[in-house]
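Top to bottom, those sequences are chains X and B.
If you count by our numbering, then the first sequence holds residues 1 to 111, one letter each, in order.
If you count by our numbering, then the second sequence holds residues 1001 to 1119, one letter each, in order.
What the hints contain is simulated information worked out from the structure, not anything from laboratory work.
Any given hint could turn out to be false.
Stated by the list, open to error - Not the full set, but computed from the structure, chain B residues with beta-carbon under 10 Å of chain X:
(1) GLN1044
(2) PHE1064
(3) ALA1093
(4) THR1108
Just so we're clear, the structure is a prediction, and the values are computed from it rather than from any experiment.
No residue lacks a Cβ here, since even glycine has one placed at the ideal position from N, Cα and C.
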Amino acid sequence: SQTIHQWPATLVQPVGSPLSLECTVEGTSNPNLYWYRQAAGRGLQLLFYSVGIGQISSEVPQNLSASRPQDRQFILSSKKLLLSDSGFYLCAWKKSGNTIYFGEGSWLTVV
Amino acid sequence: AQTVTQSQPEMSVQEAETVTLSCTYDTSENNYYLFWYKQPPSRQMILVIRQEAYKQQNATENRFSVNFQKAAKSFSLKISDSQLGDTAMYFCAFMKHVASGGSNYKLTFGKGTLLTVNP
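The shape of chain B in the complex, shown without the other chains (with noise of 0.2 Å):
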């Protein structure tokens, strides 16, 4: 079965400032994708970026960036020039292709960090 671990319950930092959140999977699949999802105060779950495993070149979106180490399994997300905004719990998550008589994906999570942003 495929485990997610994301070693830090909770982290800060100060606005404008840059974070990086750690996560990593257990999986013996060669093919898969990886997850973060945010989930701020009002508890509704937001993609915030995606990466398949099969993709060499990390992630980007806007602020967001991952550091993708399929070797040692590692996915970490890097938020950069923080804002009041990001603070909320951040979900790793992972995903392959399980095929039980018709098409179909699950994700596994990590347990979540909460981040902080303070003025």
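This is chain X alone, in the form it adopts within the complex (with noise of 0.2 Å):
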């Protein structure tokens, strides 16, 4: 069966340094995978998805980016962290059938 995990589940972060959060696919190949945002007391809001290695679309400017160096890994970045990246961050993913699962997610305060 496919699993999806992210990691770190949690991380406190000071403004200005960079920042790393990684999600990998098991159980499949090829997958849509997503990087999705949920600010506090707000919806979920896409950031990136990738059809293939190396392929990112960016849904909204920001001060992150994403990477896929592998088939089913993705990876999201940022080079010096605001205060306002703080949030819950969710990888998710898609194959086969017309559904998105997602990620246990990582919570991310920047401080």
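Reassemble the complex: the two chains are provided individually, in unrelated frames, and hints are given to aid placement.
Written out as structure tokens, the structure reads:
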């Protein structure tokens, strides 16, 4: 069966520091991959999606970037974090069928 | 652009009773998919139920069912025999196919309804 993992689960970082959140999908190949952010008290916002290795589409201009160095690995990065980057980040995947499945999420607090 | 509206920020229901969560959406698409996701305090996003727009029959998953009204662009979730474990934030989501150099689908979420099941 397919599973998705993302880490770290919790992260506290100072303003101006770099960020790297990783996500890995197991049990499938060539999935569509997504990064969503959920700010406090708000819904989910799509940040990036990828349909293949090295292919990244950005939904909103921001301080973040994404990369897909391997088929089942999706990384969310920042060179210098802002306070406004705080939130709950969810990685998600889709293969066959029309349903998107989510990882456990990562809490990021920028202080 | 697609929008999803959940007009009830919070709702509460007594254990074993039935509750309905509302969702409306706006789209010019004819083929799309609708979902309800549940986010308990653990924050993991869990799929509750899915509806294909081309299907007239309402989807059902055990105690969860939807009332899909395509012409009205309405997609409500009914939870029967509510249980304490149903306490969570519930998100309605819309997905259409986006063809941009490759096959892809994107979800658009509503802002959520916080459901509390009281003992």
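Hint-by-hint comparison with the structure:
1. GLN1044: 5 Å, holds
2. PHE1064: 15 Å, violated
3. ALA1093: 8 Å, holds
4. THR1108: With a closest approach of 8 Å, the B/THR1108 hint holds.
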